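Student: In order, the protein sequences belong to chains A, B and C.
Under the numbering used here, the first residue of the first sequence is numbered 294, with each subsequent residue one higher.
Under the numbering used here, the first residue of the second sequence is numbered 410, with each subsequent residue one higher.
Under the numbering used here, the first residue of the third sequence is numbered 11, with each subsequent residue one higher.
I should point out that these hints are in silico values taken from the structure, not numbers from a laboratory.
There may be inaccurate statements among the hints.
To be verified - Ranges between beta-carbon positions, derived for each pair: (1) R483/B with G390/A: 45 to 55 Å; (2) S335/A with E390/C: 16 to 26 Å; (3) S366/C with S482/B: 45 to 55 Å; (4) D515/C with L420/B: 58 to 68 Å.
To be verified - Cross-link-like lysine-lysine pairs, in silico, DSSO-like; alpha carbons within 30 Å at most: (5) K440/B with K280/C; (6) K80/C with K360/C; (7) K401/C with K510/C; (8) K222/C with K134/C; (9) K444/C with K510/C; (10) K100/C with K360/C; (11) K306/A with K102/C; (12) K369/A with K306/A; (13) K134/C with K307/A; (14) K134/C with K440/B; (15) K444/C with K306/A; (16) K307/A with K222/C; (17) K345/A with K102/C; (18) K307/A with K440/B; (19) K88/C with K102/C; (20) K369/A with K307/A; (21) K80/C with K100/C; (22) K360/C with K280/C; (23) K345/A with K306/A; (24) K307/A with K80/C; (25) K100/C with K88/C; (26) K360/C with K440/B; (27) K280/C with K102/C; (28) K444/C with K401/C; (29) K401/C with K306/A; (30) K88/C with K345/A; (31) K440/B with K222/C.
Stated by the list, open to error - A few chain B residues that don't get close to chain C, going by computed Cβ distances all over 10 Å: (32) F422; (33) S423; (34) I431; (35) L485; (36) G490; (37) E507; (38) G510.
Note that this is a predicted model, so its numbers are computed, not measured.
Where is the CB? At the ideal position from N, CA and C, for every residue including glycine.
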Amino acid sequence: MRIHEHPIIEDFKKGREIGFTLDGSPMRGYEGESVAAALKASGVTTHRYTSKLNSPRGIFCAIGRCTDCVMVIDGKPNVRTCMTPLAEGMSVQTQHGLTPRKEG
Amino acid sequence: MQRTIRTRPTLPFSPEGDDGLIVCRCEEITKGEIRRAVYDGMRSMNEVKRYLRAGMGLCQGQTCQRLVQGILSRELGLPLGETGRIRGRVPARPVILEDFGMSDGDSEGV
Amino acid sequence: MLRYEMIVIGAGPAGLSAATEAARSGMQVVVFDENARPGGQLFKQIHKFFGSREHQARTRGFRIGENLLKEAEEAGVKVVLNAAALGIYKNKEIAVSFGGATRGYRADCIVIATGASENMMSFKGWTLPGVMGAGAAQTLMNIQGVRPGGRILMVGSGNVGLVVSFQLLQAGCQVEAIVDAAPRVGGYGVHASKLSRTGVPFYMSHTVVEAKGSDRVESAVIAAVDERFRPVAGTEREIGADTVCIAVGLSPMGQLADNAGCEMSYLPAKGGYVPTVSEFGETSIPGIYCAGDAAGIEEASSAMIQGKICAAAACNSFGYINDEEFRERAEAYGLSLSKLRAGMFAPQNKGRTDISHTAEGYPLSGSLLQRGYISQDEIEAFPAARPGSGKGLRPVIECTQNIPCDPCQDACAQGCISVGGDITGLPTVDGDRKCTGCCMCVAACSGQAIFLVDEDCGNGSGLIGLPYEFLPLPEPGALGLALDRSGNALCGAEVVEVRKSAAMDRTAVLMMKVPAGMACAARFFRPADGRQACRGR
């Protein structure tokens, strides 16, 4: 999904490649890009499942206004992934309602 | 001053095929629930918000406000501009309560 | 509590312009923005802007953003990022959240420049991952460098829908279709034309009725709508798509003005609820100003001027500039703004469907409005688009609507092209002046509506110079098909030359040879080797 060559944009100014985890599994992304972009680039589309209907949600506005893309980041729920820069070792978890899925 | 015209639907509530459609994405409120709220006596965006929580979720109505206003406008036969709006309130963005509390005079440096 | 003379909320085009204007006049200014990068939505805009030289026309949006940032820095404006303004209280106190705390500030004056949010529409399956705002797609591909999807359905044919669709093609996505419930294309005809000729189909009087898929979009169902915009049963058509982009307008973000206690009114022409403002952008609360999309939906160039106007007013009221200086500035900015707010797409014409002719009296192309491209008969009504009688290359200008734009007349060193003093006028071509074939007009046209055409370049061939902003760039000698304005294959074609230069700013010009008689209809090149850069239909 990453754009390697673009007719207009010379350089997407990415940080260094780093590791983070999604629900415990290792993932790669670039430092400073949004968590949402890093997930999208890896083909992850579902960020959370809603409280009432347990329906999947993903990126919707990508500029921090709709709050649909929230996930549990480093243990904090409801974090807008489109506004959160990716950092080395970050723990990203799919949000079920307001919490990550309980283990076991 | 905001003028609120109070009118009520003249016909009894009748279900529509797409009543199950989600309108408020944050609180998962459907079109049917909002339509029913109008027949229950809710006449403005703020009343629907308090009654159903539509527009009261994380995004504070930034996504659904226009859609709810559209439903109110159709059900009540009012122009869109007379269905009221969600009052802009603090905090305008989601903020962790702990951060919100850390407020006293700590603005050195910037 | 720290005090600033001016606090600006939002580091987009309006906010940064206001801050720079105020700081240059001596005010102490801080700008808060909730994003990690400044510039608002300007850095997502990779197309060349419209307007005149004074509006930085034909400069790409993100370059305008870079200039704006540089100017703000040079003026000594302090920009605080990742800082969300949470509320405005009495006595112009502002709560701002950043760095894990909420801090209070006091301002002598405030500029609210919080921009807009995208309007949405609800339909079955609209909560599925893969349904997103057109702006979200733009952020992903143009800022983050990640494609939003592979196959896109665009809902909405206003300028946002059209511009983002073209950028999706540039990012290597396939745009399956553009649908709009309105019977007429809402955005500039030139934006629609550059999509149509690549083969993107337009479905007017259609809407999306369902996004299908279990945990993400796998296809979308569209249907025709009746005159009251209700889907007509039996007209459904399923389109393979993994992404549905919604571009059905913007709403001003007036929450902070509302929260501050500014008088608000619902003005459909401005896109929704906006604070009531004076001609200088001052709200009902003295010292609180509102500029840019938050004050009414327009575009970035107008937002920048509005920002300057309210900053000049603030500077005047705090004694940084005298009345005479203020009058001069206000007059100059007002004039510049009025040039942008002219033509058939001007804010005061929003929603009008009764415009049938250009200001020059030429009939508007019905095909352009209903299908997204100009038919061959209709194009001939426009003198600048008529094929020339003489030999040699000459500009053919397929600019058929009055929009505020004039870079073409600046681009031609020979003076072949003239727009005149009113920048919404259609350009005219002076047939007596010699076109040198330099291609600068082709590259300068923000709407990509200028072609160089030689009907008969010898050996039974015609030659067309066309703007091309896709990768891979064809090599000279590349064979393929010439497409007409609707994107249909017309005839075989050969690229004989590829022109590019720094002055053309990444708009290459392909010199395409076609059989004689085809040069008046061939408007795009599709390579035969399958390495098709841009994939419409």
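Student: If a hint holds in the structure, say so; if it does not, say that too.
Tutor: To see whether the hints hold, each was checked on the structure:
no.: 1; hint: R483/B with G390/A: 45 to 55 Å; in the structure: violated (32 Å)
no.: 2; hint: S335/A with E390/C: 16 to 26 Å; in the structure: violated (52 Å)
no.: 3; hint: S366/C with S482/B: 45 to 55 Å; in the structure: violated (30 Å)
no.: 4; hint: D515/C with L420/B: 58 to 68 Å; in the structure: holds (60 Å)
no.: 5; hint: K440/B with K280/C; in the structure: holds (27 Å)
no.: 6; hint: K80/C with K360/C; in the structure: violated (34 Å)
no.: 7; hint: K401/C with K510/C; in the structure: holds (24 Å)
no.: 8; hint: K222/C with K134/C; in the structure: holds (8 Å)
no.: 9; hint: K444/C with K510/C; in the structure: holds (22 Å)
no.: 10; hint: K100/C with K360/C; in the structure: violated (36 Å)
no.: 11; hint: K306/A with K102/C; in the structure: violated (38 Å)
no.: 12; hint: K369/A with K306/A; in the structure: holds (28 Å)
no.: 13; hint: K134/C with K307/A; in the structure: violated (37 Å)
no.: 14; hint: K134/C with K440/B; in the structure: holds (11 Å)
no.: 15; hint: K444/C with K306/A; in the structure: violated (44 Å)
no.: 16; hint: K307/A with K222/C; in the structure: violated (34 Å)
no.: 17; hint: K345/A with K102/C; in the structure: violated (40 Å)
no.: 18; hint: K307/A with K440/B; in the structure: violated (42 Å)
no.: 19; hint: K88/C with K102/C; in the structure: holds (19 Å)
no.: 20; hint: K369/A with K307/A; in the structure: holds (25 Å)
no.: 21; hint: K80/C with K100/C; in the structure: violated (33 Å)
no.: 22; hint: K360/C with K280/C; in the structure: holds (9 Å)
no.: 23; hint: K345/A with K306/A; in the structure: violated (40 Å)
no.: 24; hint: K307/A with K80/C; in the structure: holds (21 Å)
no.: 25; hint: K100/C with K88/C; in the structure: holds (24 Å)
no.: 26; hint: K360/C with K440/B; in the structure: holds (29 Å)
no.: 27; hint: K280/C with K102/C; in the structure: holds (26 Å)
no.: 28; hint: K444/C with K401/C; in the structure: holds (11 Å)
no.: 29; hint: K401/C with K306/A; in the structure: violated (48 Å)
no.: 30; hint: K88/C with K345/A; in the structure: violated (44 Å)
no.: 31; hint: K440/B with K222/C; in the structure: holds (19 Å)
no.: 32; hint: F422; in the structure: holds (20 Å)
no.: 33; hint: S423; in the structure: holds (16 Å)
no.: 34; hint: I431; in the structure: violated (5 Å)
no.: 35; hint: L485; in the structure: holds (15 Å)
no.: 36; hint: G490; in the structure: violated (3 Å)
no.: 37; hint: E507; in the structure: violated (8 Å)
no.: 38; hint: G510; in the structure: violated (8 Å)
Checked against the numbered hints above, the structure violates hints 1, 2, 3, 6, 10, 11, 13, 15, 16, 17, 18, 21, 23, 29, 30, 34, 36, 37, 38; every other hint is satisfied.
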